[in-house]
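Full structure from sequences and hints, please.
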Amino acid sequence: MNIDKTRMAELLRNDRYPRSDKYDPEWVLQGWMGPNVLWLTEWLCERMEFRPGMRVLDMGCGKALSSIFLAKEFGVEVWANDLWIPATENWQRVREVGLEDRVFPIHAEAHELPYADEFFDAIISLDSYQYYGTDDLYLGYFCKFVRPGGQLGIVVPGLMRDFDGPLPEHLTRIVADGKPFWEPECWCFHTADWWRQHWGKAGLVDVEVADVLPDGWKDWVQYEKACGEAGTLLFPSEEETLVEDAGRYLALVRVVARRQKDG
1 MNIDKTRMAE LLRNDRYPRS DKYDPEWVLQ GWMGPNVLWL TEWLCERMEF RPGMRVLDMG
61 CGKALSSIFL AKEFGVEVWA NDLWIPATEN WQRVREVGLE DRVFPIHAEA HELPYADEFF
121 DAIISLDSYQ YYGTDDLYLG YFCKFVRPGG QLGIVVPGLM RDFDGPLPEH LTRIVADGKP
181 FWEPECWCFH TADWWRQHWG KAGLVDVEVA DVLPDGWKDW VQYEKACGEA GTLLFPSEEE
241 TLVEDAGRYL ALVRVVARRQ KDG
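Heads up: the sequence shown begins at 1 in the working numbering, then just goes up one per residue.
Think of the hints as simulated: they come from the structure by calculation, not from any bench.
The structure presented is a predicted model; accordingly, all values stated were derived computationally and were not measured.
Just so you know, nobody snuck in bad clues.
Pairs of lysine-lysine, DSS-like flavour, derived with a Cα cap of 27 Å:
1. K261 <-> K144
2. K72 <-> K22
3. K225 <-> K179
4. K22 <-> K225
Have a look at this one:
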């Protein structure tokens, strides 16, 4: 780390996320894999129902920070599922915080999940679902793992509004790392209304929430800057593009739905 813990805490201080503020700032900064996953989780949980002992799937959990947060804050049992981070690595993180009886790391691909139908009381996904869940058929596969009446909640990078014509120049301009922000995989970014329609049209879930984080770009930038100063970014910072965009197009989108009881 390039800075001490006092400075780390200053960089991460955000009154919008009081639960997240309790966590070791070094641990939070080392967990970088995109926007601050603790903040995303805390925002998502405002519209989800958790009770101690519930079984929760954390899909695309990355370094399991969100899984640990859920277990600590709500007393739930979490299956921390990721493809890119080895389960053994996440198990070590779980052991370090003494949650061996509540967080269970699993290595599995999104289309080959090793769970029984209706096993989970709730499913969440932070900054992951956009990579596989835009497929029209995926929700039918995914929601079978949650019990009827159980909630599914995601937060994904997305759009404030659709593009009217060509992509904005600031998204396609070459930046410091020699690449533009907007690469082909960014076409998985969609508006909250798009997600509402996408989930609603299948007749499998009732969409309860589809919205954007107010001024979410500022939180995104805050964490990027903090990780940049701490030296924990694994890829070049997206700060330049996010600041220039200033919430005109780029957003953090939340969707919460409930599996229909006859679905």
